[in-house]
Amino acid sequence: MPEEKQVVRKKIAAAAEVAKFMAEYYLELDKAAKAGEPKIAWCTSVGPAEILRAMGFLVYFPETHSAMLGATRMATDLIPEANALGYSPDICSYLTADIGAFLRGVTPLAKAFNIDRIPKPDVLVFNTNQCRDVQDWFSWYGARFKAPVIGIHTHRGVQKVTESHVDSIAKQMQALIEPLEQVSGAQFDLNELKRVVELSRACSDIWKKILDTAAAAPAPLTFFDGTTLMGPAVVGRGTQKALDVYKILLAELEERIRNGEGAVEDERYRIYWEGMPVWGRLSAHSKLFAGLHANVLASTYCNSWIFSALDPEDPFTSMARAYTELFIVRSDEAKEKYIKDMLDFFKVDGIIYHDAKTCPNNSNCRYGMPQRLEKETGIPSLTIPGDLNDLRLLSDEQTKTNVEAFIEQLEENR
Amino acid sequence: MTSKPIYVGADVGASRTKVAILDGDKNLIGRAVRKSGTDFTATAAECLAASLRMARAAEGDIVNAISTGYGRKNVAFARDSRTEISCHASGCYLYFPQPITIIDIGGQDNKIIKLDEAGRRTSFKMNRKCAAGTGAFLEEMSARLDIPLENMDGLARQSANMVKLGSFCTVFSATEVLENIRHGQKIEDIVKGVFFSVIKRVLEMDSLTAHVVMTGGVVAHNPYLVKMTEEMIGRRILVPEHPQFTGAIGAALYAMNRDQ
Ligand code: SF4
Numbered sequence: 001m002p003e004e005k006q007v008v009r010k011k012i013a014a015a016a017e018v019a020k021f022m023a024e025y026y027l028e029l030d031k032a033a034k035a036g037e038p039k040i041a042w043c044t045s046v047g048p049a050e051i052l053r054a055m056g057f058l059v060y061f062p063e064t065h066s067a068m069l070g071a072t073r074m075a076t077d078l079i080p081e082a083n084a085l086g087y088s089p090d091i092c093s094y095l096t097a098d099i100g101a102f103l104r105g106v107t108p109l110a111k112a113f114n115i116d117r118i119p120k121p122d123v124l125v126f127n128t129n130q131c132r133d134v135q136d137w138f139s140w141y142g143a144r145f146k147a148p149v150i151g152i153h154t155h156r157g158v159q160k161v162t163e164s165h166v167d168s169i170a171k172q173m174q175a176l177i178e179p180l181e182q183v184s185g186a187q188f189d190l191n192e193l194k195r196v197v198e199l200s201r202a203c204s205d206i207w208k209k210i211l212d213t214a215a216a217a218p219a220p221l222t223f224f225d226g227t228t229l230m231g232p233a234v235v236g237r238g239t240q241k242a243l244d245v246y247k248i249l250l251a252e253l254e255e256r257i258r259n260g261e262g263a264v265e266d267e268r269y270r271i272y273w274e275g276m277p278v279w280g281r282l283s284a285h286s287k288l289f290a291g292l293h294a295n296v297l298a299s300t301y302c303n304s305w306i307f308s309a310l311d312p313e314d315p316f317t318s319m320a321r322a323y324t325e326l327f328i329v330r331s332d333e334a335k336e337k338y339i340k341d342m343l344d345f346f347k348v349d350g351i352i353y354h355d356a357k358t359c360p361n362n363s364n365c366r367y368g369m370p371q372r373l374e375k376e377t378g379i380p381s382l383t384i385p386g387d388l389n390d391l392r393l394l395s396d397e398q399t400k401t402n403v404e405a406f407i408e409q410l411e412e413n414r
Numbered sequence: 001m002t003s004k005p006i007y008v009g010a011d012v013g014a015s016r017t018k019v020a021i022l023d024g025d026k027n028l029i030g031r032a033v034r035k036s037g038t039d040f041t042a043t044a045a046e047c048l049a050a051s052l053r054m055a056r057a058a059e060g061d062i063v064n065a066i067s068t069g070y071g072r073k074n075v076a077f078a079r080d081s082r083t084e085i086s087c088h089a090s091g092c093y094l095y096f097p098q099p100i101t102i103i104d105i106g107g108q109d110n111k112i113i114k115l116d117e118a119g120r121r122t123s124f125k126m127n128r129k130c131a132a133g134t135g136a137f138l139e140e141m142s143a144r145l146d147i148p149l150e151n152m153d154g155l156a157r158q159s160a161n162m163v164k165l166g167s168f169c170t171v172f173s174a175t176e177v178l179e180n181i182r183h184g185q186k187i188e189d190i191v192k193g194v195f196f197s198v199i200k201r202v203l204e205m206d207s208l209t210a211h212v213v214m215t216g217g218v219v220a221h222n223p224y225l226v227k228m229t230e231e232m233i234g235r236r237i238l239v240p241e242h243p244q245f246t247g248a249i250g251a252a253l254y255a256m257n258r259d260q
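Protein chains in written order, with my numbering: chain U, 1 to 414; chain Z, 1 to 260.
So that you can see chain Z by itself, here it is in the shape it has in the complex:
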């Protein structure tokens, strides 16, 4: 193991904790994700240990570490914090250095962030108070349909005749789902309808610019959402290699910039 300077970003989301390690050339050399659980500090530390192993680095190599996300103030090894809005923005801009609109769909919230050609943020929006359009909505629906969350993507792809759900509200949508089950609709058609609802809720938050990037854990685990969104907006969507880690990567970039 050779000693090399590394920069750490920890994104403690309400649902998952992600840690990313960048080397001095901004290469992602280590990463780990865990359920955030109830002890954010311990989960972040676990993620750090796992990503250090992957990066074949030691704690002593860390030049700087920044935390972000819902639990950003609970990360013992972080020297400072930055909001997830800023971190997602810088994480995405690293891979797509151009004017972009970022759609991030997370476990508990989603965001639309706009950047100009210099990577400066021009606006951002977070979802309002409810679960509509977030991972929490998918989780609720998978429970209603009694199918594992990880099977939803595959099921949605099989749909030939999507069922449309009209409601904003998670509880009302659940009622709609039950009604469709009663009427004998196929599960895959309902699941695709659930995906469609997520995308609709997100798209109505803000307008999009020419280049759209999608990130977040929900996107990472359900790539079909990206394909459906592309069909809906009629253009290609950019997705970074590790869509769940853009926040953590952005935090690591702040760690690097602060140090310089």
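Chain U with its partners taken away, still in its complex shape:
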């Protein structure tokens, strides 16, 4: 009988530090929510978190919460609750799962950290740089909690980020200050913003170094590790604590490189992941690839929390630039150049595109990009239909056959 391959994946010890960081982060939010202070701001994952932090808010990110709903496989049953309210099953399943969970009165924070509900917002702040769904999502909660919803409207499909783009976003960021002061009751302090931006930049730099360790062969970490290790870069950027955790993680990965230790035993194929993770299948996918000696070692997704333009000397303008330069904001031409650089840097053998049904914004395979990139680079690709949170939208058996066949193709063409 053909045997299922035995899988060996090396655990990252510093993951425990990251988990501790996340626990403390949620417990602090819960405490504040119960005490009524400090005030809580909800923020989109690539929203202006630095401003909120500098103004004394604790910052909560609903997307991270919804990713937890996905990872704990709670999401699929909750999505229909939001569908029934008029939020289509075809729109962002972060939104539908999260609203569904709220309506049902459940949260993965309960099991993970003994926290029975998400923290009530005093203000909700979005940036449409990633999509319009976040605005709809925040508006629903804003109405529910009777809290103000404010935000930034970013240009989309940007080819080259120009001064006028940056100016317009910087102005919108400055315009947030006054309503935020009204909620916080405190005065905005530019020096504090500079300090937070400096920390955020440092976090971005070290997160980049962490991800760049995967350029080593064998790579010391996988994309699947990255999706959970990125927690502090998303929810903790602008804090010293996030930096401290990442120093420990980076040291461990560098040590692995020195010892020639790969995350996947006998790494033979180096794969790039374009698109969102399938949160409910992180472990299954990680095992699937590892069993084929393939390491999915780099991704657009994990790299989306690198903000190299941040500059404490010019906080508003540099934030405007950093949050507009992002991959998700850009034109296909700019995206393709970005991916090509990544393929080169990480010495990639093949690309997986995840066509996430409910997130067109992170599914870049729909307008011929795989074909164009393959023609230019000669690097083959595979598209897997699926979703970030809604497990009704994927076929595990097909994914498995597709991935196995893809690795066989790489093997036969060597």
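Calculated from the structure, these hints are not laboratory results.
Any given hint might turn out to be false.
Think about it this way: if two alpha-carbon atoms lie no more than 25 Å apart in a straight line, the pair counts; the simulated DMTMM-like pairs of lysine to aspartate or glutamate are [to be verified]: (1) Z/Lys-114 with U/Glu-411; (2) U/Lys-400 with Z/Asp-206; (3) U/Lys-120 with U/Glu-81; (4) Z/Lys-114 with U/Glu-408; (5) Z/Lys-200 with Z/Asp-153; (6) U/Lys-347 with U/Glu-336; (7) Z/Lys-114 with U/Glu-81; (8) U/Lys-375 with Z/Glu-117; (9) U/Lys-11 with U/Glu-267; (10) Z/Lys-73 with U/Glu-255; (11) Z/Lys-125 with U/Asp-332; (12) Z/Lys-125 with U/Glu-408; (13) U/Lys-10 with U/Glu-374; (14) U/Lys-209 with U/Asp-136; (15) U/Lys-171 with U/Glu-81; (16) U/Lys-208 with U/Glu-178; (17) U/Lys-357 with Z/Asp-153; (18) Z/Lys-26 with U/Asp-311; (19) Z/Lys-73 with U/Glu-336; (20) Z/Lys-114 with U/Asp-349; (21) U/Lys-375 with Z/Asp-153; (22) U/Lys-375 with Z/Glu-204; (23) U/Lys-375 with Z/Asp-206; (24) Z/Lys-125 with U/Glu-254; (25) Z/Lys-125 with U/Asp-349; (26) U/Lys-400 with Z/Glu-204; (27) Z/Lys-125 with U/Asp-212; (28) U/Lys-208 with U/Glu-267; (29) U/Lys-10 with U/Asp-212.
Label-pair distances were calculated between CB atoms; the ranges are [as the list claims (entries may be wrong)]: (30) U/Leu-27 with Z/Phe-168: 29 to 39 Å; (31) Z/Ala-76 with U/Asp-244: 33 to 43 Å; (32) Z/Phe-168 with U/Arg-258: 52 to 62 Å; (33) Z/Asn-161 with U/Arg-144: 54 to 64 Å; (34) Z/Ala-76 with U/Leu-85: 23 to 33 Å; (35) Z/Glu-150 with U/Arg-132: 49 to 59 Å; (36) U/Thr-377 with Z/Leu-203: 39 to 49 Å.
Predicted model, so just to flag it, every value in this text is computed and none were measured.
Glycine residues also receive a C-beta, built at the ideal position from the N, C-alpha and C atoms.
Given chain U, put chain Z with the ligand in place with the hints provided.
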């Protein structure tokens, strides 16, 4: 019965299980097909026994055996497995050693596989999640039309005025079929429309290269699909002698290559 080295490929599809036996010169000397049913291991064993009888060979003659298909991990006599994508590719290349695009239409899924002149796979695509363009779609429609599956090919050939079905979705297509029945359209015209829909769904999956090969159980039982596809793309299509067995034959070739 003389002892001779043989190589076995078992293709356990979601719908049918196929076993092929090749001799050392890559001749297909035994083959069998059965409904996969619910016990893949038993069905594969049955197919093996039947194909061994046809090949006039014994189990002891098997040098190596490889399984493929949806149930590839359930074949007790296989030493290893390979995906059906790889196996269809090598099975087709055996008969057509040139750059080809393979269209395989199976019971539950379909595939488009491209090979270069050396038989190296350059790309492949499987259908997405639904039944559109697969044998399952034909089965559903034959039930709706209340005609046996095996009569569809003959009926489609009689059509003089094909009815076009527009929908992607099997359920929507079924509604369209009912609507056409209500409007008094002839059954053969509807059946041809159903065939046309299958081909359209497959052709929109990928582009085709100069030489196109069609395989799979649906093609084996409905050769008119090939003729219709030829008309649609305006060129001849190559079909191996046993289109339902290319996956199993490819698996047997892997069994042979692994052994060498
Ligand atoms: S980018 Fe996609 S997954 Fe993220 S919030 Fe927007 S629609 Fe949802």
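Quick rundown of the hints versus the structure:
Annotation: proposed proximity of Z/Lys-114 to U/Glu-411 holds, straight-line Cα distance about 16 Å (limit 25 Å). Taken as a hint, the U/Lys-400 and Z/Asp-206 pair is honoured in the structure, with Cα atoms around 21 Å apart against an allowance of 25 Å. Restraint check: the Cα-Cα separation between U/Lys-120 and U/Glu-81 comes to about 20 Å, which is no more than 25 Å; the hinted pair holds. Using a Cα cut-off of 25 Å, the hinted pair Z/Lys-114 and U/Glu-408 holds, with the two alpha carbons roughly 14 Å apart.
As the CA atoms of Z/Lys-200 and Z/Asp-153 are separated by approximately 17 Å, the hinted pair is consistent with the 25 Å bound. The hinted pair formed by U/Lys-347 and U/Glu-336 meets the criterion: a straight-line CA distance of about 16 Å does not exceed 25 Å. Annotation: proposed proximity of Z/Lys-114 to U/Glu-81 is violated, straight-line Cα distance about 43 Å (limit 25 Å). At roughly 18 Å between alpha-carbon atoms, U/Lys-375 and Z/Glu-117 fall within 25 Å of each other, so this suggested pair holds.
For the given pair, U/Lys-11 sits about 15 Å from U/Glu-267 by alpha-carbon distance, which is consistent with the 25 Å threshold. Between Z/Lys-73 and U/Glu-255 the CA atoms are separated by roughly 39 Å; this puts the pair beyond 25 Å, and the hint is violated. Proposed proximity of Z/Lys-125 and U/Asp-332 is supported: the alpha carbons are some 23 Å apart, at most 25 Å. The straight-line distance between the Cα atoms of Z/Lys-125 and U/Glu-408 is roughly 14 Å, inside the 25 Å bound, and the hint therefore holds.
For the given pair, U/Lys-10 sits about 31 Å from U/Glu-374 by alpha-carbon distance, which is inconsistent with the 25 Å threshold. At most 25 Å may separate the alpha-carbon atoms for a hinted pair to count; U/Lys-209 and U/Asp-136 exceed this at roughly 35 Å. Restraint check for U/Lys-171 and U/Glu-81: the C-alpha separation of about 38 Å exceeds 25 Å, so the hint is violated. Under the criterion of a C-alpha separation no larger than 25 Å, the hint pairing U/Lys-208 with U/Glu-178 is inconsistent with the structure, at around 33 Å.
At most 25 Å may separate the alpha-carbon atoms for a hinted pair to count; U/Lys-357 and Z/Asp-153 exceed this at roughly 36 Å. Between Z/Lys-26 and U/Asp-311 the alpha-carbon distance is near 68 Å, which puts this suggested pair outside the 25 Å criterion. The straight-line distance between the Cα atoms of Z/Lys-73 and U/Glu-336 is roughly 38 Å, outside the 25 Å bound, and the hint therefore fails. With a C-alpha separation of about 19 Å, the suggested pair Z/Lys-114 and U/Asp-349 falls inside the 25 Å cut-off, and the hint holds.
Annotation: proposed proximity of U/Lys-375 to Z/Asp-153 is violated, straight-line Cα distance about 40 Å (limit 25 Å). Between U/Lys-375 and Z/Glu-204 the alpha-carbon distance is near 20 Å, which keeps this suggested pair within the 25 Å criterion. Distance restraint check for U/Lys-375 and Z/Asp-206: the Cα-Cα separation of roughly 15 Å lies within the 25 Å cut-off, and the hinted pair is therefore satisfied. Between Z/Lys-125 and U/Glu-254, the direct Cα distance comes to roughly 39 Å. Violation of the 25 Å bound is thereby established for this hinted pair.
For the suggested pair Z/Lys-125 and U/Asp-349, the alpha carbons sit about 18 Å apart, so the restraint of at most 25 Å is met. Pair hint U/Lys-400 plus Z/Glu-204 holds up; C-alpha atoms about 23 Å apart against a cutoff of 25 Å. Between Z/Lys-125 and U/Asp-212 the CA atoms are separated by roughly 32 Å; this puts the pair beyond 25 Å, and the hint is violated. For the suggested pair U/Lys-208 and U/Glu-267, the alpha carbons sit about 22 Å apart, so the restraint of at most 25 Å is met.
Annotation: proposed proximity of U/Lys-10 to U/Asp-212 holds, straight-line Cα distance about 18 Å (limit 25 Å). Taking 29 to 39 Å as the suggested C-beta distance range, the pair U/Leu-27 and Z/Phe-168 does not conform, at roughly 49 Å. At about 55 Å, the CB distance of Z/Ala-76 to U/Asp-244 disagrees with the hint of 33 to 43 Å. As the Cβ distance of Z/Phe-168 to U/Arg-258 is approximately 54 Å, the hint placing it in 52 to 62 Å holds.
Between Z/Asn-161 and U/Arg-144 the beta carbon distance is about 58 Å. The supplied range of 54 to 64 Å therefore holds. Restraint check, Z/Ala-76 to U/Leu-85: a C-beta distance of roughly 51 Å breaks the suggested window 23 to 33 Å. Between Z/Glu-150 and U/Arg-132 the beta carbon distance is about 52 Å. The supplied range of 49 to 59 Å therefore holds. Restraint check, U/Thr-377 to Z/Leu-203: a C-beta distance of roughly 27 Å breaks the suggested window 39 to 49 Å.
In the structure shown, a violation is registered for the earlier hints numbered 7, 10, 13, 14, 15, 16, 17, 18, 19, 21, 24, 27, 30, 31, 34 and 36, in ascending order.
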